[in-house]
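Student: Sequence:
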Amino acid sequence: MSLTIKSADECAYDCVSLGEVMLRLDPGDGRIHTTRQFTAWEGGGEYNVSRGLRRCFGLRTAIVTAFADNPVGRLVEDLILQGGLDTRFIQWQKYDGIGREVRNGLNFTERGFGVRGAVGCSDRGHTAVSQLKPGDIDWNELFGRLGSRWFHTGGIFAALSESTPEVAIEAVKVAKENGTMVSYDLNYRPSLWKSFGGLERCREVNREIAQYVDVMIGNEEDFTACLGFEVEGVDENISELPEDSFKRMIGQAVKEFPNFKVTATTLRGAKTASLNDWSALVWHDGEFYQPKRDFVGENILEIFDRVGGGDSFASGLIYGFLKFNDPLEAVSYGCAHGALAMTTPGDTTMASLSEVEKLVCGGGARVDR
Numbered sequence: 001m002s003l004t005i006k007s008a009d010e011c012a013y014d015c016v017s018l019g020e021v022m023l024r025l026d027p028g029d030g031r032i033h034t035t036r037q038f039t040a041w042e043g044g045g046e047y048n049v050s051r052g053l054r055r056c057f058g059l060r061t062a063i064v065t066a067f068a069d070n071p072v073g074r075l076v077e078d079l080i081l082q083g084g085l086d087t088r089f090i091q092w093q094k095y096d097g098i099g100r101e102v103r104n105g106l107n108f109t110e111r112g113f114g115v116r117g118a119v120g121c122s123d124r125g126h127t128a129v130s131q132l133k134p135g136d137i138d139w140n141e142l143f144g145r146l147g148s149r150w151f152h153t154g155g156i157f158a159a160l161s162e163s164t165p166e167v168a169i170e171a172v173k174v175a176k177e178n179g180t181m182v183s184y185d186l187n188y189r190p191s192l193w194k195s196f197g198g199l200e201r202c203r204e205v206n207r208e209i210a211q212y213v214d215v216m217i218g219n220e221e222d223f224t225a226c227l228g229f230e231v232e233g234v235d236e237n238i239s240e241l242p243e244d245s246f247k248r249m250i251g252q253a254v255k256e257f258p259n260f261k262v263t264a265t266t267l268r269g270a271k272t273a274s275l276n277d278w279s280a281l282v283w284h285d286g287e288f289y290q291p292k293r294d295f296v297g298e299n300i301l302e303i304f305d306r307v308g309g310g311d312s313f314a315s316g317l318i319y320g321f322l323k324f325n326d327p328l329e330a331v332s333y334g335c336a337h338g339a340l341a342m343t344t345p346g347d348t349t350m351a352s353l354s355e356v357e358k359l360v361c362g363g364g365a366r367v368d369r
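Those letters in the sequence shown? Residues 1 to 369, per the UniProt record's numbering, in order.
No wet-lab data here; the hints were simulated from the structure.
Using N, Cα and C, we set each Cβ at its ideal position, and we do this for glycine too.
Each statement offered as a hint is correct.
Here are the computed lysine-lysine pairs in the DSS-like style, where the Cα-Cα straight-line distance is at most 25 Å:
1. K94 x K133
2. K194 x K133
3. K292 x K247
4. K173 x K133
5. K173 x K6
6. K255 x K173
7. K323 x K292
8. K358 x K292
9. K176 x K255
10. K247 x K271
The calculated label-pair distances, taken between Cβ atoms and stated as ranges, are:
11. N299 x T344: 15 to 21 Å
12. P71 x Q211: 36 to 42 Å
13. K358 x A270: 22 to 28 Å
14. D136 x L81: 19 to 25 Å
15. G363 x D78: 31 to 37 Å
Could you put together the complete structure from these sequences and hints?
Tutor: Here it is in structure tokens:
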């Protein structure tokens, strides 16, 4: 059974995302604490998804976010414009001169290599987007008059402040009222929830939002931490493959949340920071699907920059449903797009549709001339 997705000709957008967009400062091959220069990128868990849909897959996308109106905010806006997203829903907040009341988020991220894992150090307190409140965004205008086929947000945005969960709930309710498909990436970050009620509040918020979600994305830790599901009946002395334990967990999740039409997870086994097993698993209509091609065993994936791989998986997954309305194509495009995104620097994709299609169909890494 396919998903019920609005047609492209009745909507201004194919996908709209709600989330924070930070300025990523990347030390390249060096370390954050020893570098003397950084490369600037933009990135954010929810934003990366819509940017991938625009830049790689050529769809019409927009971002709902907020910035302090200063040169840093305008730099991030310029990077978003280069990504091709519609920026009309960006909220601009007056800057107080020093960032005491409102500021823009910074994310210092080093890639890792071999036995040294990737490191992230975010500086995102009191950001403009964390101060969004219900009523700040005209969701009826966006989902009603303009229309979007798909809406994506996630657990990072929901954890930014005491008010952002209410904004997310407001958004998903209006999206559902207007027949928009809703996807949500749980993306559990304990450091974000620490100041807003910890694990208990995290579960309360995510379980409320989950009632309005069609496509739920997350790994085993996300489903456990954010929704409270545990893998039951597993003998601790028996080694169980990640996909098997995830299947057991999804069996519980879809019983409690029958509104879930799709659940999806990436399957990543990090042998080193530079060498990963990489695959994915999608549940839809009682069946599980894995990609036509994954990167496990002899086909192990070499990683250049792992940040954003899961977000690029999500954008490929969404593209597969928007284009083909087929779970096998969706998981295959998601896995391929995520793999390609991790071969280049920055949070966001540099892959082309032809490269994704080549990988989905089994193409290799021979030079293209």
